Amino acid sequence: MNTPLLERVQGIVADVFGVPEDQVRPDSSPDTIETWDSIHHLNLVIALEQEFGVQFTPEEIEQLLSVELVAALVEEKLIPVE
Amino acid sequence: MTHMSHQELRKQIKEQLEQKQWRGANSLLAELWRMQPTAATAGFVVSSCEVLKRHLAFTPCRLAILRSFTLEPVLPILRAAAFVSGIELNVHLGEFNSYAQEMLNPSSVLYRFAPDVAMLAVRTCDIAPDLASDENRQAVQRVLANFRSWIHAFRKNSQASLLVHTLEAPIVPDRGIFDAQSEFGQAEAVRQINTGLRAIAAENTGVFLVDYDALVARYGRVRWHDERKWLTVRMPIAADCHIHLVEEWMRFLHPLTGRISKALVTDLDNTLWGGVLGEDGSEGIQVGLEYPGAAYRALQQAMLDLYRRGIVLAISSKNNKADAVRVLEEHEGMLLRPAHIAAMRINWDDKAQSLREIAQELNIGLESLAFLDDSPVERARIRQELPEVTVIELPSDPLGYANALRSCAVFERLTLSREDRERNVYYIQQRQRQELEQSVTSVEDFYRSLKQEAEIAPARPETVARIAQLTRKTNQFNLTTRRYTDQQIAELAATAGWNIYSVQVKDRFGDNGIVGVVITRLQGEVCEIDTFLLSCRVIGRTVETAIFAWLAQESRSRGANILQGWFVPTSKNAPAREFYRAHDCKLVASEDGRTLWALDLRESEIKCPEWIRLTFRKEYALSEYAAS
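Order-wise, the sequence lines are chains L and V. With the first letter of the first sequence counted as 1, position 76 gets the number 188 in our numbering; the numbers rise by one all the way through. With the first letter of the second sequence counted as 1, position 131 gets the number 977 in our numbering; the numbers rise by one all the way through.
Keep in mind the hints are simulated off the structure, nothing from the lab. Since the model is a prediction, treat every value here as computed from it, not as a measurement. Where is the CB? At the ideal position from N, CA and C, for every residue including glycine. Accuracy of the hints is not assured; some may be wrong.
Stated by the list, open to error - Now the stretches of chain V that chain L is said to cover, found in silico as 3 or more residues with beta-carbon under 8 Å:
{"id": "1", "region": "878 to 892"}
{"id": "2", "region": "984 to 997"}
{"id": "3", "region": "1188 to 1199"}
As the list claims (entries may be wrong) - Computed Cβ-Cβ distance ranges for the label pairs, DEER-style:
{"id": "4", "chain 1": "V", "residue 1": "Asp1126", "chain 2": "L", "residue 2": "Thr147", "range": "53 to 59 Å"}
{"id": "5", "chain 1": "V", "residue 1": "Ala1340", "chain 2": "L", "residue 2": "Thr147", "range": "44 to 50 Å"}
{"id": "6", "chain 1": "L", "residue 1": "Thr147", "chain 2": "V", "residue 2": "Glu1437", "range": "36 to 42 Å"}
{"id": "7", "chain 1": "V", "residue 1": "Asp1438", "chain 2": "L", "residue 2": "Glu171", "range": "56 to 62 Å"}
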């Protein structure tokens, strides 16, 4: 896993859900972050799309269930197309 | 690079918060927000301001948003934008498409929330899905009838201001290019609905239109719309445009919360013209129709537009005064002339000191000043030294100056009273009054020479907006500082026992317009003063004594034995602190720093100063607001 990328995702998750950055870990998820509900999930998607200039499909949005999964999907999307 | 400095800025903000440097953190947060107003930054700004608000004064505002589409992701951006403008928003977001029920049902969540401001944001495709059929005429009538009934219900149930989005024209009409050939196409129907909405807003106090159609057009309909998000999560507005929607809303929230600037203080060199007068001479500076002078002339045009809106213009410049004034008087490329400028500090002093003096000369608080200067150093200096002053951020390229000024929400106004439009004339008269004051020997002679006439009249439909505006804007001579919306004033005026009066003052130099407000409530033998205020334009001219003398007499004739009122201290109303004591009132109670004063009308008589002629336009009491 790309560490700077994971950290950036953690930072965005902290911003969007209003929790201290040091409380966001790779396995943080809607189960561990109280404010990560379905409405705020959309805010996360928008923040990620803005920050990384990517777009998620509706199917992908449903899979963004932990910080680690988010980072993995973002990394996949950022791989330059040759 | 931007990313780095953005992270650096965040680090500094965190440090400032840890060191309890609240003001420093606040201004860095505003800088961060200008640099990157994204969803992620919004979360950071809001969390930081939740801490700051315990230490700095934010203006609270309860905002209800009634909507037909997903707006949730816009809320953090809205709250962040409001926080960096000094406004703390408490937002109630209505359920999807429940706006009609919420407005019609007097016991709905909307009314229980008790908003200060409500917003009705409905999209064309939700309220009029049938447009583009052959029945457009009926659809227009139906939509307008719906809006009218919701707005009337809202007006009956709430005193909040109501902002109504206009409907947006379709990106491409359903019938394609044929729409423009039809007599009553989809685009035409939307135009007619919006024209009808404008009429409905004009019929109701405190109802204003947000020209959503013009907003979408400004940024482009195609760019504004996000088809993917619309079809998946009912969010039609592209994420990159959320900030534009929020900025448009902020243009309304500034005047509605009173976070406005009354005067603009501008620099000269490299702001009003290109170049440095002291080095380049009046022949060498750049201002005129051709580039590069055109950029500065465009800024001057933007200032003139503000001037016509009633914003007072002033100059603070480090320059040789005689040379600078000559440019203002004679340079053919200039649009601004000395007649537009209410106060000038052209000297080599510190600008913070100049701004203090200008505020004093114009008789307004520092929080009512906005400061425009091309130098980031001067801007930083004023931010630090005078945090109350609104410092306008300018881009490094002068071609962007005019737009930067035009986008300042602190100069927005929802209503323009006669007083607003003529304010600049008053300041010229004020200068003449000061010259007179210096020429007469005793203060009584000065009062006599002013030949003041005060005219008191019960509130009327045509004066309600000005009365409400004064309650919101008057900070210095204001005994209770109670703020009212237009709607609240109209309702109070029609409530038994309550009386609302406007005070208009004229003198030998001209008509000051309505500059005072008195609101009283008669209960049995006690007449309570709810509001007693005077605009700074007429402070210090014994008008308040004349009004109080009349009020005592009027209360007596209405059967009161006691005239009483609270003095509620604020950081700004020191000029009114001694008012009750100086007018024979006795202190009868105090709580939390507030004091209650009473005048026994059976014993005391307040005399109207002999130099003021006061008339009471009682006949106006026969108007529709007359309380029984």
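Verification of the hints:
Chain L is given as covering the region 878 to 892 of chain V, and this holds because 8 residues of the stretch bring a CB closer than 8 Å to a CB of that chain, at least three being needed. Counting residues of the region 984 to 997 of chain V whose C-beta lies closer than 8 Å to any C-beta of chain L gives 0; at least three are required, and the coverage claim is violated. With 0 residues having a beta carbon nearer than 8 Å to a beta carbon of chain L, the region 1188 to 1199 of chain V misses the requirement of three or more and the stated coverage is violated. Restraint check, V:Asp1126 to L:Thr147: a C-beta distance of roughly 57 Å satisfies the suggested window 53 to 59 Å.
In this structure the supplied range 44 to 50 Å holds for V:Ala1340 paired with L:Thr147, their Cβ-Cβ distance being about 46 Å. The hint said 36 to 42 Å for the Cβ distance between L:Thr147 and V:Glu1437, and at roughly 40 Å that hint holds. Our hint of 56 to 62 Å for V:Asp1438 and L:Glu171 holds, since their Cβ atoms are close to 59 Å apart.
Hint check: violations occur at hints 2, 3; the rest are consistent with the structure.
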